[in-house]
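Engineer: Read off the chains here:
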Amino acid sequence: MSARRSSVPGPAPRFSPRDLLSECTAGLIQRPGRTILTLIGVVLGVGAFVAVLGLTTTATGQISSQFSILEATTVSLSDTVGTSADPNLAGENPNTNPAPSFPVDADQRVQRLNGVVAGGVWWQVPLSNPQITTGPASDPTLGDGLTIYAASAGAVAAMQPTIQEGVTLDTYDVNSTQHVVLLSSTAANQLGVHRLDAQPAIFINSVPYTVIGIYSQVQRLPQTLLGVIIPDTTALAEYGNPLPGTEAAQMLIQTKIGAAQLVAKQAPYALRPDFPTAFAVSAPPDPESLKQAVTGDLSSLFLGLAGICLLIGAFGIANTTLVSVLERSREIGLRRALGARTRHIGVQFLAESALTGTIGGLLGTSLGIVTVLGVAEARHWTAVLQPAATLPAPLIGTVVGVLAGVYPALQAARTQPLKALRSG
Amino acid sequence: MTVNESTEELGAHPDFAVELDGVGRVYSAAAPVIALHPTDLKIRMGDYVAITGPSGSGKSTLLNILGLLDQPTEGTYRLNGIDTAHLSDRDVSKLRGSHIGFVFQSFHLLPHRTAAENVMIAQLYNRSSRKNRREKAYSALERVGLAHRADALPTTLSGGEQQRVAVARALVNSPGLLLCDEPTGNLDSTASAGVLDLIESLYSGGYTVVVITHDPGVAERAERVVTIHDGRLTEPERRAAEPEAAAR
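As you go down the protein sequences, you meet chains A and B in turn.
For the numbering used here, count along the first sequence from 1 and bump the result up by 1.
For the numbering used here, count along the second sequence from 1 and bump the result up by 40.
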């Protein structure tokens with residue numbers, strides 16, 4: 002038997018785990034109503050915990066899947082400096098505006114990057130009040146409200162315009178500084194240009210441009226829907242460098258799906274290995290970081306609420322167990338008279354409390370899962386539950402139950418059997 | 041008479057079930073209360089003893105000491121020859137569970153359990169195998185004449201029947217010493233007589249019985265009556281003084 006010398010023969014008292022389980026189960030089902038009420042706090046707490054984690058992962062999954070493919074494949078770089086260390090890079094410098102930081106072969110440079118579909122430089126032509134007309138005799142206010150954009154062939158390609166009539170800008174037009182123009186359908190209507198078979202021309206401050214195409218839709222740079230587009234080389238030659246600041250030259254890049262982050266990192270180096278910091282890169286948010294932001298916002302609030310529910314649940318269990326200890330003091334006295342040790346009494350009430358918490362945890366976990374499934378079903382989402390967070394959730398209830406049971410169990414163990422037995 | 045103190049020789053039964061040697065109990069307070077003055081009391085194996093006295097006389101204190109529910113502040117108490125001073129909680133619990141059967145005034149049956157299940161509670165803590173418990177509980181109930189009500193809930197039993205279940209619970213571990221605290225206090229005269237008959241039959245069957253009561257009618261059925269008054273024990277007369285007659 003035990004190493005300690007015992008002056009009493011026979012085996013030491015023992016309260017087997019199986020007996021313990023059946024005794025505390027009996028203790029709980031004796032008062033089903035009270036047990037159920039006691040459970041509510043833990044059920045709500047654990048349920049809220051599971052539901053919040055489940056809904057967060059579900060909603061995040063939803064965000065990721067709905068994350069706009071368009072946005073996810075767009076990278077833009079804007080020229081923050083507007084000065085060029087090497088004048089050769091940006092050609093002539095006819096006016097006071099600093100030359101763009103983009104090299105003349107910017108399109109080709111980004112085109113070589115893995116994952117780039119198309120890309121090029123564009124800016125708003127720095128004409129304060131351009132007169133856009135269809136001829137020397139036409140109304141000078143005809144083109145009011147239209148903006149003139151300069152764009153490389155790559156930039157136009159990256160806009161993914163829907164060409165309604167004619168052709169789009171090509172590298173020949175750009176490289177040879179052609180006086181050609183693309184009209185948005187709005188601009189075409191305003192200017193009264195409907196057919197291109199006669200090779201109509203428009204005049205920008207009396208300089209003629211041949212209309213080569215009309216576009217009705219664009220996937221990127223929607224502002225161009227209220228403007229006209231001329232080759233960037235032509236714009237540089239005719240109107241000088243773009244304004245610095247908000248209207249500075251920018252580069253628009255269309256990437257393959259999933260390549261945006263990489264392209265955003267590489268593009269500044271590909272364009273200006275000597276001065277990569279000349280560009281402010283804006284890439285679509287990383288789906289991973291977006292996910293974490295969503296998770297953080299939602300869960301901190303609701304997990305806080307879940308914690309409060311658990312705390313209330315713990316006090317509920319502690320209170321009920323304590324009441325039960327007082328109510329059952331005669332039973333405690335009896336058990337002591339029948340040979341139970343103080344620790345057997347304590348363990349029994351601790352186990353009842355832990356069992357209550359565990360049942361609450363199980364019910365709460367079920368409730369949480371049902372909530373997640375219900376919400377996902379109602380919104381036609383895919384329910385996502387992380388096993389690592391869901392499977393151990395009932396144990397939260399156990400822990401709460403054990404913590405709540407410590408004080409009542411100590412009280413039970415301290416109950417004086419003789420007082421308890423004579424109190425009736 | 042000396043009693044073996046070594047555990048090894050316990051197989052040989054000592055003559056006395058209970059030996060109080062100068063046992064007293066003082067409750068410490070600002071003004072200490074002497075609940076029991078130093079007392080000598082020897083109860084032979086197989087005796088039937090009534091301890092009687094008015095309330096507040098120290099009966100309960102004596103009962104609690106005899107039942108190992110309280111420790112005396114002086115003197116030695118030997119139960120079946122085992123000195124109970126300085127025993128650990130484990131050993132006291134073991135002794136209480138295996139050597140003493142309690143019968144209380146208010147039965148103390150758990151209301152949601154059947155008679156048999158109430159009896160089985162006494163077997164929870166003594167390593168008896170789960171298989172045999174029900175069997176032993178039924179045979180204990182048979183012994184008290186309640187085999188037919190084994191599966192009844194206490195609430196459906198009469199007071200006398202409830203006390204019989206309590207007696208069965210006290211018997212199920214074959215304790216040797218039956219400690220009855222006002223066993224008929226909550227019963228009418230018919231039920232009382234039945235329970236006292238049962239106790240008497242157990243005494244005849246070899247149990248050592250100690251009954252604590254304030255009822256002279258209950259006390260006079262015992263072979264030996266001890267009176268306690270203001271914490272002092274007196275033994276006014278000794279009927280059937282021959283110990284041989286009682287020790288069967």
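These are calculated hints, taken from the structure and not from any lab test.
Note that CB positions come from ideal geometry on N, CA and C, so glycine has one too.
Keep in mind that a hint or two might mislead.
Unchecked claim - Chain A side only, calculated, beta carbon under 7 Å to chain B, not exhaustive:
no.: 1; residue: Val9
no.: 2; residue: Arg113
no.: 3; residue: Asn115
no.: 4; residue: Pro274
As the list claims (entries may be wrong) - So the derived label-pair ranges between C-beta atoms look like this:
no.: 5; chain 1: A; residue 1: Arg380; chain 2: B; residue 2: Arg167; range: 52 to 60 Å
no.: 6; chain 1: A; residue 1: Leu411; chain 2: B; residue 2: Asp80; range: 32 to 40 Å
no.: 7; chain 1: A; residue 1: Glu378; chain 2: B; residue 2: Arg167; range: 29 to 37 Å
no.: 8; chain 1: A; residue 1: Ser367; chain 2: B; residue 2: Gly246; range: 42 to 50 Å
Engineer: Next, verify each hint and record whether it holds.
Structural biologist: Now for the hints, and whether the structure bears them out:
1. Val9: holds (4 Å)
2. Arg113: violated (80 Å)
3. Asn115: At 72 Å from the nearest chain B Cβ, Asn115 (chain A) fails the 7 Å test, so the hint is violated.
4. Pro274: violated (82 Å)
5. A:Arg380 with B:Arg167: 52 to 60 Å: holds (58 Å)
6. A:Leu411 with B:Asp80: 32 to 40 Å: holds (38 Å)
7. A:Glu378 with B:Arg167: 29 to 37 Å: For Arg167 (chain B) against Glu378 (chain A), whose Cβ atoms are near 54 Å apart, the range 29 to 37 Å is violated.
8. A:Ser367 with B:Gly246: 42 to 50 Å: About 57 Å separates the Cβ atoms of Ser367 (chain A) and Gly246 (chain B), which means 42 to 50 Å is violated.
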